[in-house]
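**Student:** Chain residues, written in single-letter form:
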Amino acid sequence: MDLRRRPLTALAAAVLSTCSLAACGSPAAPAPASGDGATTAQERTLVVYSGRDEELVAPLLEQFEQASGIDVEARYAGTTELAAQLLTEGGDSPAQVFLSQDAGALGAVADAGLLAPLPDDVLATVPAEYRAADGSWVGLTGRARVIAYDSAELTADQVPGDVFDLLDERWRGQVGIAPSNASFQAFVTALRVTEGEERTRAWLEGLQANGAQVFERNGDILEAVETGAVDVGLLNHYYWARSEQDPATLRAQLRFGDPGTTSALVNATGVALLPGTSGEVSPEGLELARFLLSAQGQTYFAEETAEYPLADGAPDPAGVPALEELQPPQVDLSDLASLQETVDLMTQTGLL
Amino acid sequence: MLAAGGVAALAAVPLAQLVLAAAGAGPARAAALLLRPRTVDLLTGSLVLVLATCAGALLLGTATAWAVVRLPLPAPRLWPVLVCLPLAVPSYVAAFAWRATWPQVHGFWPLVLVMVLTTTPYVTVPVVAALAQADHSLAEVARTLGRGRWRAARAVVLPQVLPAAGAGTLLVALYALSDFGAPAVLRHETLTTGVHRLLTGGLDRTAPAVLALALTALALLCVAGERWARRLGSGRRSPAARAAPPVPVHRTTALLVAFALAAVAAASVLGPLAALGRRMLTSERYSASAADLVGAGTTTLALAAVAATAVVVAAVPVGHLAARRPGRLTAALETAATTGHALPGVVVALALAGLWLAVAPAAYQTAVALLSAYAVLFLPKALGTTRTAVEQVPVAAQDAARALGCGPVSAWLRAVLPRALPGLAAGWVLVAAAVSKELPATLVLRPAGMDTLATELWSRTSLGAYGAAAPVGVVLVLVGLVPALLLARSLRQQLPGHLRRAPAPAPVAAGVTGVAR
Chain F
1 MDLRRRPLTA LAAAVLSTCS LAACGSPAAP APASGDGATT AQERTLVVYS GRDEELVAPL
61 LEQFEQASGI DVEARYAGTT ELAAQLLTEG GDSPAQVFLS QDAGALGAVA DAGLLAPLPD
121 DVLATVPAEY RAADGSWVGL TGRARVIAYD SAELTADQVP GDVFDLLDER WRGQVGIAPS
181 NASFQAFVTA LRVTEGEERT RAWLEGLQAN GAQVFERNGD ILEAVETGAV DVGLLNHYYW
241 ARSEQDPATL RAQLRFGDPG TTSALVNATG VALLPGTSGE VSPEGLELAR FLLSAQGQTY
301 FAEETAEYPL ADGAPDPAGV PALEELQPPQ VDLSDLASLQ ETVDLMTQTG LL
Chain P
1001 MLAAGGVAAL AAVPLAQLVL AAAGAGPARA AALLLRPRTV DLLTGSLVLV LATCAGALLL
1061 GTATAWAVVR LPLPAPRLWP VLVCLPLAVP SYVAAFAWRA TWPQVHGFWP LVLVMVLTTT
1121 PYVTVPVVAA LAQADHSLAE VARTLGRGRW RAARAVVLPQ VLPAAGAGTL LVALYALSDF
1181 GAPAVLRHET LTTGVHRLLT GGLDRTAPAV LALALTALAL LCVAGERWAR RLGSGRRSPA
1241 ARAAPPVPVH RTTALLVAFA LAAVAAASVL GPLAALGRRM LTSERYSASA ADLVGAGTTT
1301 LALAAVAATA VVVAAVPVGH LAARRPGRLT AALETAATTG HALPGVVVAL ALAGLWLAVA
1361 PAAYQTAVAL LSAYAVLFLP KALGTTRTAV EQVPVAAQDA ARALGCGPVS AWLRAVLPRA
1421 LPGLAAGWVL VAAAVSKELP ATLVLRPAGM DTLATELWSR TSLGAYGAAA PVGVVLVLVG
1481 LVPALLLARS LRQQLPGHLR RAPAPAPVAA GVTGVAR
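Here the protein sequences line up with chains F and P, keeping their order.
Counting from 1, one number per residue, gives the positions in the first sequence under this note's numbering.
Counting from 1001, one number per residue, gives the positions in the second sequence under this note's numbering.
A hint or two may mislead.
[Stated by the list, open to error] So the derived label-pair ranges between C-beta atoms look like this:
id	chain 1	residue 1	chain 2	residue 2	range
1	P	V1294	F	D312	58 to 64 Å
2	F	G69	P	G1024	41 to 47 Å
3	F	S294	P	A1362	31 to 37 Å
4	P	A1016	F	G211	52 to 58 Å
Don't read these hints as lab results, they were simulated from the structure.
Don't be surprised by glycine CBs; every beta carbon is placed ideally from N, CA and C.
If we strip away everything but chain P, and leave its shape as in the complex, we get (with noise of 0.2 Å):
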């Protein structure tokens, strides 16, 4: 209780920092920097921004939903892992491939285009696992009630599904808000480029501090209604469930879907890979140089492995305890504890740049000041995965093993976490993806002289050299595929059997689709 209270008061401080860096401000000069016409567009291109891509994607992700799970597609296996490789692609990778193939390419709509595209399985995934699950049974009543066949699924299947298709769009809406990179390849601003730019071109921290506060508290306004959400569609299933059988569709109409459906994934995957890999190739000065590449690599691996090491053993009080002993004091531990996930990333740099040099100057320009961010952001993605883990280990085994002589630390050592240890493997993959790809708090936070991966293509694309920094979106894409494949693998399971193969338990999806980063 007390390591998980500690945890989660460590993942609450970065928010507490930016109130008190904040209110250093004092009310005048906050209410001119709050009040000032520019604070209005931020809010208003961050607002637009939001809404168009949670249509775009509450739209797509729905619609490609039903078609995977109701409509008899040729190769059914291929869909549900092919609707979670958008994953793999960053938001800001992507902007910026079609940017280096496009340069003119700028401004609101393909932005929209660009955030639809990587967000939408974000949606996709939650609703292929409703609709998978819903009860068609009752379905199946209201038609014999005399119901037709769409109302009848208006009246049954969509309450089912609304809730998951809600949660997912709200998780878009996070995203959508926080993201930094791709806003700022495509120019359109919003308060995360805001606060950036301030914290860049301006000579104090007050000030980005003053507009990070109005725009964590839009986002945790987003995570507010996802948990609300979610709640709601965490019914029952009746043990007399069943699946929906397929949508009976002509054999060219699912044809044309199978294809549309192709077609997307190919803009979300391909395009950008095909996209950097032209640019690769046509450069002329500045060619890749390996030695960058793999210094880069190397770096982002050491850190990654470091910090999700560091997350996961956080993760264990804090999911232990959910999983064990459920309660409100629980449950207000695990909400301070997430408390990352509704904080974008330069958020937390800002944070912990203050927090790091009023409280101990010596570790603020080093690995450990980065690696407190990352904790601080990804500790939300292992909580899901350690909670469902330990869930799966009977409380009896530990028990066991304590009437067997064992001391208490022993006892989990020897009967909890073996058998937590895949879940939470997975959790740590997830994070050490996440790290792996990290931009806005990294190029504010990384020691003198080190480069990651994510930090090395924003820095090449600074001199327009385009043609240097394609082979480092391609090798995040490829890091990001792992998370990705991850999370199709764990959809599979949820799917009735000819959507899915071999079965194997990896309660991964709450920690992808758990956090939107």
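In isolation and in its complexed conformation, chain F is listed as follows (with noise of 0.2 Å):
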């Protein structure tokens, strides 16, 4: 009996060894930092996270690979929970670069000291509003809130201009919201800082109340606005931009938020540095940095995205009003990052 038993465990250990083998040497795995070409003195390499889309930002990582030639490995994932990733990482994450779709996640991730301050000269490229006062991220591009909504049902002025009318019995049902997506908590912050915690819970209280549809994300909304399936959705306004029909042609069409309130909040997308397990901000990450700002970058960025890009002398993208036209609510982007504060009272509220 015995006899039978000891090989089994033998061939057992013999091909476990194997399997793990094999799955560590598995075409599937890519090795970070080791290129297979021995002949190629030193591989450069830079893993990013990206927050943003990858339909978004893969060509443009692309062209920066051949910019640069250095071999860009992405993580794609939504940036609240690269947020939280990068957050339980610590010190200890391969990331180099964080790409963020919005300034709060940013800034949650720079209040816990894992971002190295950028230069100067890479800072500067950008208007003071749209960058971190620490210096330890910049801004990309600007994307403003908007209320998407169905123009086979209803005119520009009979939308409000502010979210907080969205509570009346009119939109019972009919307001889509991604309440996961990082730009949703970005606003969510927002009107914490600039509306107070009681108003903001009673918001999202009152939203819930009144049947608001929850959608995973915002192409999703806005899908359903142009479809019919809701009234109006909230979202950010380079869904529409960029969606797969010219947008001007939609069912669903923009109203941006009333001037001054958060309801026009403009956020940023931007890039910060991670010093990584080295303790030393990368080379490679900054030449990132400053391709996204450099002219071909932004002009990427207003031309395929459609939003505004930040970098002084960029174009403004086709199709929505400039960006100076939209006169944001006086929030400094800096103040955004009392994530953990948002997640919380949204968890409370039982939209996630």
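Need the complex rebuilt from these two chains, each delivered in its own frame; the hints are there to steer you.
**Tutor:** Here it is as structure tokens:
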């Protein structure tokens, strides 16, 4: 009996070790920082955490790879999810660059002391209101919060320019939101900062009581407005501006927030560098930041993602009002770092 | 024994990690998270989905199975294949296809429809097998003793079929409970989507772990119920057992039933495919990039091959033990090794993300972490096939090899492996196909820059780029055809002569129907 048992153990041990070897050596496992070309003296690589959609950013990163010869490994996920991951990984994170779709997540990661300050010449390319006061991140593009509406049902002036009016009975079951999206969360943070905790809590509870429809992502909201599934949806302007069809012909049209109110918030996507395990900012990461702020990078954003480029002298996107006309509220984007409090509030109110 | 124990222990690790992570919340916070109204909403959302899907699948599946086995349908060999085909369409692909066609469609009832259409084979297949093997001679005895046809059927056939239907229905329940993609696409909130939302929208992993634990408790209930129902059904057939003759019905009736069956199959398989195709052709911007599709396809193939190989190798000691030395300890090990069967993908991902970060941060964002999730999730798929494969090799063969001077390992390799190989290969294919379609765990654990077909579909739908997502959906359905056809082949082996063609032993059914994912 024993004879039959022990060989089995030996066999199993052998196959198990083979299997773990196979797993390690799998072609699907990209070995970080070890190029397989032994002849190349030193392959330059860069690990990027991108909270921005792959569809939007991957082509630009490819342009960067071609221009710089640097091999970029990008991890795409939600901005909040990646911020959470960076906070968990702390100094052990393989990430060298964090591309965020909102300023709040950047601020949360900066507050944890995980970001390295950017050099002044990089910071200076962007107006002061679109970068961190401590230089820990710099804005790349601006995106306006908007209310998308179904133009088959509504005219622009029937659509509220202030999100607090969406609690009206008229909008029961007709408002689309994406609570797990970082842009929505940053908007909630802005409400907390400007309107106070209690009013924000009342708004979140009121939205749910009024039957707001919850979507996973902003793109889904736009599709829902476009097809008449909901009358209005809260999202960023650029989802509309770069949708599958020519935006001017869409059934979904945009109402920009009332000037000066939080509803007219212009949030910034941004880039930050992480010192990571080495303790030093990688030159490759800095190269990427400069590239994203260059004329080539900024023009890409304006043309392909229809966001507002933030570097001085960059062109505005077509088909939407110019950035100067938007009159956003007096909110310091660096104040949007209290993401944890926003998440807690949204958890308590049942949106998360 | 030791190796089997090791495999079983590793398979159960995620559950332990999940409990630890949830415990990190502390009783006050855990209670606050679990007792808020949203938890009740999510729980209700899960339960109504499970109940409605089960009811639909049970009715449709049992009726279909009865029609296939007992009615004189035209083209009798076609139907056993056709009833398996809906398994080829992952529920999230079906949901996406319908949504891409009718974007207003969302919510509970459309989701139930999608879930019923995709999960009905979990009921149909075991019931077809049970009906085909049901001992009709007993019903004849009952009739000679004065029972009417229906009462005889109820008294005799029903008890033989009910356990199969029950076990299948509980698999449907488990599928509906664990599924992330289809509820997410059709916007019906369940515990599974709730865990995902807390994971992606929150800043820590404790809160989702608490919710995930509640979800896991429900899933374990389904699994326990399924095992119980299966045990009820494992009675012995009498050697004099006889198959039932076809029920005499009018030719028109048979044709109408055949038409209805074909319509269901079309709605399950052809419908989504046609919807995807239409969206592909009508999209104006964002045409699919062939390079992306090929890249994601290659990555998926590589992952699937490595994961399937690892899983089959890990399944060998446990499967061997189960076949050769059944007993209490073996049963316990087998249960531990099938833990992944009860864990939704999003839960395994959550647990393993925490585990790798704690134990080996370097491995966290590599394919190793992702492969470990696949191994836990899909080991149960390979266990059934492995055990059956080893059972079919006579013990004497191994003993003879030993007597002829082979070492123990080489005896196994030379005497058992060659004969068990077809069964092991079937398990390999099942695992590979499952890996290819896996979405929620892959979304969380994939390394930077890695895209599989499933994540490619997911990320493309996030921009409303439905046209570009459609071809990926088509490829995913084609991948799913492999296990569906394998199951159809193995189902045909269990049918009476007029419903099948050539005999070819393939112990696949255990693997396909044994795991709902």
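**Student:** Next, verify each hint and record whether it holds.
**Tutor:** To see whether the hints hold, each was checked on the structure:
1. P:V1294 - F:D312: 58 to 64 Å: violated, 41 Å
2. F:G69 - P:G1024: 41 to 47 Å: Once the Cβ atoms are compared, 44 Å apart, the range 41 to 47 Å for P:G1024 and F:G69 holds.
3. F:S294 - P:A1362: 31 to 37 Å: holds, 34 Å
4. P:A1016 - F:G211: 52 to 58 Å: violated, 41 Å
Hints 1, 4 from the list above are not met by this structure, while the remaining hints are.
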